[in-house]
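Use the sequences and the hints to build the structure in full.
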Amino acid sequence: MLSLSETSPREMFKTLGLIPRFMRCKLDGNILFIKLDDGEDFLGEICRALESTGSSSGVVLSCAGMMRNTILAYYKGEYIERALPSPMEIISVEGNIARGDDGSLQPHIHVALADENLNVYGGHLRRAMVHNTAEIAILIPRDVSLIRRRTGLFIE
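Under the working numbering, the first residue of the sequence shown is numbered 1, with each subsequent residue one higher.
Each hint should be verified, as a subset may be incorrect.
As the list claims (entries may be wrong) - The calculated DMTMM-like cross-link candidates involving lysine to aspartate or glutamate, where the alpha carbons are at most 25 Å apart (straight line), are:
hint: 1; residue 1: Lys76; residue 2: Glu51
hint: 2; residue 1: Lys35; residue 2: Glu94
hint: 3; residue 1: Lys26; residue 2: Asp143
hint: 4; residue 1: Lys35; residue 2: Glu51
hint: 5; residue 1: Lys35; residue 2: Asp101
hint: 6; residue 1: Lys35; residue 2: Glu116
hint: 7; residue 1: Lys26; residue 2: Glu116
hint: 8; residue 1: Lys26; residue 2: Glu135
hint: 9; residue 1: Lys35; residue 2: Glu135
As the list claims (entries may be wrong) - Derived CB-CB ranges, DEER-like:
hint: 10; residue 1: Pro141; residue 2: Pro87; range: 28 to 34 Å
hint: 11; residue 1: Ser52; residue 2: Asn132; range: 21 to 27 Å
hint: 12; residue 1: Glu135; residue 2: Ser104; range: 21 to 27 Å
hint: 13; residue 1: Lys26; residue 2: Gly77; range: 40 to 46 Å
hint: 14; residue 1: Glu51; residue 2: Ile71; range: 29 to 35 Å
hint: 15; residue 1: Asp115; residue 2: Phe33; range: 24 to 30 Å
hint: 16; residue 1: Ser52; residue 2: Gly100; range: 14 to 20 Å
hint: 17; residue 1: Leu139; residue 2: Ala112; range: 17 to 23 Å
hint: 18; residue 1: Pro141; residue 2: Leu118; range: 32 to 38 Å
hint: 19; residue 1: Leu139; residue 2: Arg24; range: 14 to 20 Å
hint: 20; residue 1: Lys26; residue 2: Glu94; range: 19 to 25 Å
Derived by calculation from the structure, the hints in this document are not laboratory data.
The model shown is predicted, which means the values in this text are computed figures rather than measured ones.
All C-beta atoms, glycine included, are put in the ideal place defined by N, C-alpha and C.
What follows is the structure, encoded as C-alpha cells:
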C-alpha cells in the first residue's frame, strides 16, 4: 500500500506508473533557461518551453545533463538511425528550433554523448528521454524569425 505521508511526489508518480511534468523554465531578457527532470521528453519539452514564451524560434546555447533511450541519426542520402538505450552524459548540444511550414515548432538539434566507458557518439537528435536532469539555455532572437521550410532553414 502506498503511504502518501511518507512518499515524495516524484516517488508517488513513479509508483503509480505516471510520468509527471516537472519542466521548469524562466525567461531572462532573450535567454530562456530550462530545467528538465528524469523521464521527460527532451525535444518535446524544450519546444513546449519555447512555445510557453510565445516565441517562434530559438538557438540552443548550452546544455548539461544526461539522456537515455536516445535515437541519433546520420544523413547519407537518407537518415541512418542508431538507438542508444543506456544513460549517456551530454557532452555538447547545438542547433535551433524553428517554425515549420505547418506552423509547428521543429527542433534541429545535434548532440555529442558519452557512455560510461567514455566512448562518444554524435549525430542528429531524433528522440531522447532525460536521465536524472538536463539544464538548457536557449537564445530567443529578437529581430529575426527562423522558419524551417521543406528545403531547409530560412531566416526572415
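Okay, the hints, checked on the actual structure:
Restraint check: the Cα-Cα separation between Lys76 and Glu51 comes to about 32 Å, which exceeds 25 Å; the hinted pair is violated. Taking the CA atoms of Lys35 and Glu94, the gap is about 17 Å. The hint holds against a cut of 25 Å. In summary, the hint linking Lys26 to Asp143 is supported, as the alpha carbons are separated by about 20 Å, within the 25 Å threshold. Of the supplied pair hints, the one linking Lys35 and Glu51 holds, its CA atoms being roughly 15 Å apart against a limit of 25 Å.
With a C-alpha separation of about 29 Å, the suggested pair Lys35 and Asp101 falls outside the 25 Å cut-off, and the hint is violated. Our distance criterion of 25 Å between C-alpha atoms is met by Lys35 and Glu116, whose separation comes to about 23 Å. Our distance criterion of 25 Å between C-alpha atoms is broken by Lys26 and Glu116, whose separation comes to about 32 Å. With a CA separation close to 12 Å, the supplied pair Lys26 and Glu135 stays within the 25 Å bound.
Only pairs whose Cα atoms come within 25 Å are accepted, and Lys35 paired with Glu135 is accepted, the gap being roughly 5 Å. A C-beta distance of roughly 33 Å is found between Pro141 and Pro87, which places it inside the suggested range of 28 to 34 Å. Hint check: Ser52 to Asn132, Cβ distance near 23 Å, so the stated range 21 to 27 Å holds. Distance hint for Glu135 and Ser104: a CB-CB separation of about 25 Å, consistent with the stated range 21 to 27 Å.
Restraint check, Lys26 to Gly77: a C-beta distance of roughly 42 Å satisfies the suggested window 40 to 46 Å. The given range of 29 to 35 Å is broken by Glu51 and Ile71, whose C-beta atoms sit roughly 23 Å from each other. Between Asp115 and Phe33 the CB atoms are about 27 Å apart, so this pair conforms to the stated range of 24 to 30 Å. Between Ser52 and Gly100 the Cβ separation comes to about 18 Å, which falls inside the hinted range of 14 to 20 Å.
Restraint check, Leu139 to Ala112: a C-beta distance of roughly 20 Å satisfies the suggested window 17 to 23 Å. Look at Pro141 against Leu118: about 35 Å separates their beta carbons, and that is inside 32 to 38 Å. Between Leu139 and Arg24 the beta carbons are some 18 Å apart, a value that agrees with the proposed interval 14 to 20 Å. Taken as a hint, the range 19 to 25 Å holds for the pair Lys26 and Glu94, whose Cβ atoms sit roughly 22 Å apart.
Checked against the numbered hints above, the structure violates hints 1, 5, 7, 14; every other hint is satisfied.
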